[in-house]
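Peer 1: Here this note's numbering is used: the first residue of the sequence shown is 74, the next is one more, and so on.
Careful: at least some of the hints might be erroneous.
Unchecked claim - Derived Cβ-Cβ restraints for the label pairs, each shown as a range:
| no. | residue 1 | residue 2 | range |
| --- | --- | --- | --- |
| 1 | 200 | 162 | 32 to 40 Å |
| 2 | 132 | 228 | 13 to 21 Å |
| 3 | 240 | 189 | 26 to 34 Å |
| 4 | 240 | 168 | 30 to 38 Å |
| 5 | 106 | 225 | 37 to 45 Å |
| 6 | 166 | 200 | 35 to 43 Å |
| 7 | 102 | 142 | 33 to 41 Å |
| 8 | 124 | 162 | 38 to 46 Å |
| 9 | 106 | 162 | 14 to 22 Å |
| 10 | 121 | 185 | 17 to 25 Å |
| 11 | 215 | 103 | 36 to 44 Å |
| 12 | 242 | 205 | 20 to 28 Å |
| 13 | 166 | 242 | 31 to 39 Å |
| 14 | 225 | 124 | 38 to 46 Å |
Please keep in mind that the hints were generated in silico from the structure rather than gathered at the bench.
We put the CB at the ideal spot given by N, CA and C, even for glycine.
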Amino acid sequence: MSEPDSRLIGVEGVVAFTDLVGYTEYTALRGDAEALSLLAAQERIVNDTLPSDSRVVKELGDGLLLYFPDPGAAIAAGVLLLQRFEDAADQGELPLWIRMGMHWGRPTRRGEDLVGHDVNVAARIVDVAAPGELLCSNAAVDAAGVDLKGVEFVELGPVVMKGIPQPIELYRVE
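Assemble the whole structure, with the sequences as input and the hints as a guide.
Peer 2: Shown next as structure tokens:
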């Protein structure tokens, strides 16, 4: 029997997705050049905010797939990202809302990418989030613990999501 490919071993951590709400319409109305400047602003804000041990796994159009090994740092960074995006919107630099979804698990590495069920769950969570909102699965909240200063979790209850066999308990981070 051959050894498993070490690039495909699961790595425990938080998988997060971001989405710029209204980006498609913004691009249609304002053009590609302005849309690209939004993406550049997003990239700058995210790179300035992420903890050093986390990373942008990949860009997905106007969204990002992020990875954090520390669940507490992931949630704290998510809250800070929302605040920085809101500040950028107030200054006219980024006139769109962002939404985020996070899930703790063991995504599978495929080269530099992350794939698998836990990535799919995080992707579905961001779809449920409202503009300016960070939603976390119960797995992410449990992994982070309750010692996040200034952060409250509002239980939304179990949510049925497309393609996910069991409802996922979600929390809004405030």
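Peer 1: So which of those numbered hints doesn't the model satisfy?
Peer 2: 1, 2, 3, 6, 8, 14
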